[in-house]
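J.: What follows is the residue order along each chain.
Number of protein chains: 2
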Amino acid sequence: MSELKDYARLCVHTITTKPWSIESAIQEYALQGISGITVWRNALENKNIQHTGHLIREQGLEIVSFCRGGFFPSTELSKRKQAIDDNKRVIDEAAVLGAPLIVLVCGADPGQSLQDSRNQIRDGILEILPHAQSAGIKLAIEPLHPMYAGDRSAINTLKQANDMASEINSGYVGIALDVYHVWWDPDLENEIQRCGSMDKLFAFHICDWKLNTTDLLNDRGLMGEGCIPIRHIRSQVEEAGFNGFIEVEIFSTIYWSQDQKEYLSKIKQAYLHC
Amino acid sequence: MSELKDYARLCVHTITTKPWSIESAIQEYALQGISGITVWRNALENKNIQHTGHLIREQGLEIVSFCRGGFFPSTELSKRKQAIDDNKRVIDEAAVLGAPLIVLVCGADPGQSLQDSRNQIRDGILEILPHAQSAGIKLAIEPLHPMYAGDRSAINTLKQANDMASEINSGYVGIALDVYHVWWDPDLENEIQRCGSMDKLFAFHICDWKLNTTDLLNDRGLMGEGCIPIRHIRSQVEEAGFNGFIEVEIFSTIYWSQDQKEYLSKIKQAYLHC
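Order-wise, the sequence lines are chains A and B.
Per the numbering used here, residue 1 is the first one in the first sequence, and the count goes up by one each step.
Per the numbering used here, residue 1001 is the first one in the second sequence, and the count goes up by one each step.
No wet-lab data here; the hints were simulated from the structure.
Note that the Cβ used here is the ideal one computed from N, Cα and C, for glycine as well.
Don't take each hint at face value.
[Said to hold, decoys possible] Footprint (simulated), chain A over chain B, 3 or more residues, beta carbon under 8 Å:
(1) 1011-1020
(2) 1037-1045
(3) 1103-1117
(4) 1140-1150
(5) 1178-1191
[Said to hold, decoys possible] Simulated pairs of lysine-lysine, DSSO-like, Cα-Cα distance not exceeding 27 Å:
(6) K1210/B / K210/A
(7) K159/A / K1210/B
(8) K159/A / K18/A
[Said to hold, decoys possible] With the C-beta cut set under 10 Å, the calculated list includes, among others, these residues of chain B facing chain A:
(9) Y1007
(10) R1089
(11) D1163
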């Protein structure tokens, strides 16, 4: 496994530095030598998306992904149709922005079984797939930690995500793997190999799991602060053929309250040890 | 699947009504017609354990389990030895109390890989097994939710617990299944069947997963408050041959702050819909 000696593969999610506007994020990432940016949809509210895409490329940043589509399941047909329409809009926005990939947080409806939600996720992806394909944009199923099975995602292991991507069987549908969600999984190594062998490792996200996590959503750790064997998982991902961007995605009320420039410097330091 | 029409199979964990002393818990459970009690070790601090056992039986309550042993892994050999000694004391205490089963929260040390922790768990169980066997006390591996993989348990799915119990291959080692930890698992039904076919379904714990859980430890829901398909899981467990106590184990800062008699009434009402 290669050491990370520069920032050629470092991508930062705009949500990681949430207090910054998209313009500030672009400027500061570029100034600090970050190479890639994953744009969250909320950062584009009331913005000219095409102009924002130009701005990013002008600053020499590569757009890695657009976050996020998904949330397909619902007990109500009308809401499932709304989700399909919304996901098509996400694809359109990604196309205008110039993002090659959309991350899918698949969703779950607590009013029905997880299996029903899983079926609706598959059906939803199949329904938006032609739209994504004609826009030339890939879709990445992100397995979410089992603590989100209630209402965020019924896809909670890499095996499930691999099974679904394999069943859908399109070069446009693969996996976004986030160490936060999967590090505990005893099947992780096997499923990473399987994912790689299917050519479906589309994205790799990092952060850390703090031992005394105080919030299920917004208390993620900076790499090195917790117990995820990030380097070990990176080596598995790279042995499986992945050599793309390493994306830092940290939701943290603590870090969001700090000076974001200093925080970005900390991210860069921590990244080199991943 | 049979309806729950009375409290013949209802067991309450002393931790569920944590504000009560063990004497109050015994008295109130008996008064309200609860049939079983699972005693937590903390409830016995500075108590005469033998006397407490008598008191429980005098009140007509059945002692279902003793909580808890485990926490085997450590990077340090001396701490692993301490854990073995402590688990033997837990067995001795369970014997004096008159409990037939000890629930194992297996432990994890974030300073080493999950696989190392898993190996140490297996070794630890094997080491205390003769002591348990000669005391006539069974040991139940409890798979814990993946959000506890950092430092509470490296056994995070029923499949892992089944694999370990199968490998150890003793009639004294089985599984304690808590819906809170496993409800999200796509393999759950298969693994419940497998567990039953091995005669290793030793205990069944219930509570609920609240959609807006605010604390990783002490914000469990009362049955019906969340999204766990408890009745569905109970039917699977019973189809797999389990007909023992249904144990209510709820850690909840919210409920602990309320009137415990009223809370116990709520538990009884909620139980009948499980």
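J.: Please go over all the hints and tell whether each is borne out by the structure.
T.: Hints versus structure:
{"no.": "1", "hint": "1011-1020", "in the structure": "violated (count 0)"}
{"no.": "2", "hint": "1037-1045", "in the structure": "violated (count 0)"}
{"no.": "3", "hint": "1103-1117", "in the structure": "holds (count 3)"}
{"no.": "4", "hint": "1140-1150", "in the structure": "holds (count 5)"}
{"no.": "5", "hint": "1178-1191", "in the structure": "holds (count 4)"}
{"no.": "6", "hint": "K1210/B / K210/A", "in the structure": "22 Å, holds"}
{"no.": "7", "hint": "K159/A / K1210/B", "in the structure": "25 Å, holds"}
{"no.": "8", "hint": "K159/A / K18/A", "in the structure": "31 Å, violated"}
{"no.": "9", "hint": "Y1007", "in the structure": "28 Å, violated"}
{"no.": "10", "hint": "R1089", "in the structure": "26 Å, violated"}
{"no.": "11", "hint": "D1163", "in the structure": "9 Å, holds"}
This entry does not satisfy hints 1, 2, 8, 9, 10, going by the numbered hints stated previously.
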